[in-house]
Amino acid sequence: MFSLQTIRTSLPRRGLAVASPIRAYASQTPGNPMLEIFNRQTKHLQKDRAARNVEESRKVDYLKDEVALRLCERLFDIKRDFSNALDLGANSCNIARALTTPNIDPAAPEGTLTPPLAERISKLTCVDTSRALLHRDDDLPFNNEIDIQRDVIPNLEALPYAPNSFDAVLSSLSIHWINDLPSLLEQVNMMLKPDCPFIAAMFGGDTLFELRGSMQLADMERRGGVSPHVSPLADVRDVGSLLTRAGFKMLTVDVEDIVVEFPDTFALMQDLQAMGESNAIMHREAGPLSRDVLLATDAIYRSLHMEEGARGIPATFRLIYMIGWKEGKGQAQPLQRGSGDMNLKDLLGGGDFERP
Amino acid sequence: MPTKTRPVEKFAKATAQCSVEAAAYGKCVVTDYNSIHKDMCAKEFLRLKDCFLAASKKG
Chain B
329 MFSLQTIRTS LPRRGLAVAS PIRAYASQTP GNPMLEIFNR QTKHLQKDRA
379 ARNVEESRKV DYLKDEVALR LCERLFDIKR DFSNALDLGA NSCNIARALT
429 TPNIDPAAPE GTLTPPLAER ISKLTCVDTS RALLHRDDDL PFNNEIDIQR
479 DVIPNLEALP YAPNSFDAVL SSLSIHWIND LPSLLEQVNM MLKPDCPFIA
529 AMFGGDTLFE LRGSMQLADM ERRGGVSPHV SPLADVRDVG SLLTRAGFKM
579 LTVDVEDIVV EFPDTFALMQ DLQAMGESNA IMHREAGPLS RDVLLATDAI
629 YRSLHMEEGA RGIPATFRLI YMIGWKEGKG QAQPLQRGSG DMNLKDLLGG
679 GDFERP
Chain Y
8 MPTKTRPVEK FAKATAQCSV EAAAYGKCVV TDYNSIHKDM CAKEFLRLKD
58 CFLAASKKG
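One line per chain: the protein sequences are B and Y, in this order. Under the working numbering, the first sequence has 377 at position 49, and the numbering climbs by one with no breaks. Under the working numbering, the second sequence has 41 at position 34, and the numbering climbs by one with no breaks.
What the hints contain is simulated information worked out from the structure, not anything from laboratory work. Computed from a predicted model, the values in this text were never measured in an experiment. Worth double-checking, as some hints may not be accurate.
Within a straight-line C-alpha distance of at most 27 Å, the following computed DSS-like cross-link-like pairs (lysine-lysine) qualify [said to hold, decoys possible]:
| # | chain 1 | residue 1 | chain 2 | residue 2 |
| --- | --- | --- | --- | --- |
| 1 | B | Lys521 | B | Lys577 |
| 2 | Y | Lys17 | B | Lys387 |
| 3 | B | Lys577 | B | Lys407 |
| 4 | B | Lys657 | B | Lys521 |
| 5 | Y | Lys17 | Y | Lys50 |
| 6 | Y | Lys50 | B | Lys387 |
| 7 | B | Lys657 | B | Lys577 |
| 8 | Y | Lys11 | B | Lys387 |
| 9 | B | Lys451 | B | Lys657 |
Isolated chain Y, as found in the complex (with noise of 0.2 Å):
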């Protein structure tokens, strides 16, 4: 019987597989933490999400 998976665990799942651009994501925001400002990685972010929302797809 498959067991029941909690939306938080394919959540985490379809994330693990993203981690060039969850890298690339934070590196964007690290190397510049103490002037953040909203969207200031937005095209990292983007290009993380759709591998992100690609992955979940999959899976």
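Isolated chain B, as found in the complex (with noise of 0.2 Å):
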């Protein structure tokens, strides 16, 4: 016979392994560990190794630039200088080189010439866990046109900054890696001034989804059974719970598809391994994929989604972006439900669903 007690004691602390100034979230209480989908290590093996190859990593820059620039262009609704902003995962500071791209105001008549959004950042802080990404960039001269830090931590999920001391997160394509988001949304929260936005993309649901199905067919057909080769990604739905659970209010979420055209699936995966994002599943198999899935994969992409005529097959991303704002001191409220007095269906023209 033996006691509670022993068996309490007898458990792997998890809570204690976090090496960090601040207490991040509740420590875990023993016997509920937590889930790890992702290897922490491997993610950051495939991002220093794909960023030391410098050239070949800039030119697959193309996704995350782009949506580091959406991201961007969604500051100038907020009309607000930030002293100190931090970009959370930064990967190679796309974020920094949006920020210092001159004319990318959407709103802004054409012809008119708009400054780049640095003017109104004093100070941006890039973080990720990758030296090599990182300080890729260093000689760019974007660099001199916004005061940027750069610091590399060992864990993205553990942040070392103090409370109340950055006037906006930004994020762009980094937090889809992220094991415990809950906890990392909150430490977020903790660490913005009160009244300040979080703003950032990530990868959901849906992206790579012809990728993932057509992987699976072949796994079937060919070895009798399926093996997780594309991770798997938050919900849209998910979303805006964990943002409210983490205690941000006045939630913007909102979902865009960006659909590049690859000439084959080996192409597709030789990108997603030069931008450091190719598989990093906990329990995935060890080693390349066998030739013969390889083979399969790339005949059922062809025939399941390759359209008549194109020249190649499309890989679909789905990006989902999120704004939430810290609580603070006379800050906008949303109205109360049902106290609206216009039809959305009025204003926006829209009609209804054709019911079948």
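Mind assembling these two chains? They're in different frames, but the hints should get you there.
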């Protein structure tokens, strides 16, 4: 016979492993281990290796640069200056590059020149785990146009910043690799000053659904079972509740699909690898994919998704953009539910869905 | 100086020469993908693989 006490103490205490000056989130209760989906070490190595091939790595920045631009466009809606901003999971500082690009305001009339957003941001701290990736573009001219500080930290899930220290936290295409998203968002909320925004973009649910499906079919037909080759991603529906749970107010969540055409699945996979975005799931199969499965995947992908007359295969990237505000005094509040006196349907001119 | 070709590029090049076989295999899988099982399209796959192997020897 044994007492309950002995069981409790014999379990590993995960909460103590985090070496951070701030106590982030509540420590995990023993016996309630955190779910680990992604292998952090693997992801770190993938990013580091990818960035060391500078030329290749820059070539595949098209997606991250585009998303960073679209994310930064959202800053035009906030008429404010930010003295201290954080780029969480900065990759190669794509956000800094977007901020220093002039004339990106989509609302400005054509032909007018608008200054780069960097003028409104006095200091940008870029934080990531991969030194090679973060410092890849140290010598490029955009570094001179914004006060930029690069911090390499061992773990993106334990942020070393003091509470109430940032006027804005931005994040582009990074937090889809976070294991414990609720804890990270809570840390972000704590680091923000009151009434300051968190603006982020991440890959969501249907990203690469074509590749995921084709690989599953190829695995089934060739080997009789499936193995996870494409990492799982958060769903749009979850993001709202995640932000609420972390204490954010006045949420905006929207979705956008970017479809990129590739000559074949090999080019797609090569690009993903060069981006450092290959699969990093915990229980993935060791070693490379079998050639048979690769061959089968390419054939199935083409049959399922290639359009008549198209030159290449489409790959869908679904972006989830989110904006949440830390609670603050005198902050604008949403109106009571049901207090609106105008029908949105009349305002936007939309029709009903056709009923079957 | 010849540049180094990565294995995956050779792989892609060889596959591109077997579009007919690939289409046949793809069609076989896709027509009945709700009840897919191992070696459902083994015959079509072998044809695709033979073509692929021949093509990669040539290139």
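Evaluated hints:
Of the pairs offered as hints, the one joining Lys521(B) and Lys577(B) holds, with about 13 Å between alpha carbons and a cut-off of 27 Å not exceeded. The suggested pairing of Lys17(Y) with Lys387(B) holds, with an alpha-carbon distance near 20 Å, which does not exceed 27 Å. Distance restraint check for Lys577(B) and Lys407(B): the Cα-Cα separation of roughly 18 Å lies within the 27 Å cut-off, and the hinted pair is therefore satisfied. A distance of roughly 11 Å separates the Cα atoms of Lys657(B) and Lys521(B); the hinted pair therefore holds under the 27 Å criterion.
Distance check on the hinted pair: Lys17(Y) and Lys50(Y) sit about 24 Å apart at the alpha-carbon level, within 27 Å; holds. Note on Lys50(Y) and Lys387(B): the hinted pairing is violated, with a Cα-Cα distance of about 40 Å set against a maximum of 27 Å. For the hint pairing Lys657(B) with Lys577(B), the CA-to-CA distance comes to about 12 Å; that is within 27 Å, so the pair holds. About 18 Å separates the Cα atoms of Lys11(Y) and Lys387(B), which keeps this hinted pair within 27 Å; it holds.
Of the supplied pair hints, the one linking Lys451(B) and Lys657(B) holds, its CA atoms being roughly 24 Å apart against a limit of 27 Å.
Checked against the numbered hints above, the structure violates only hint 6.
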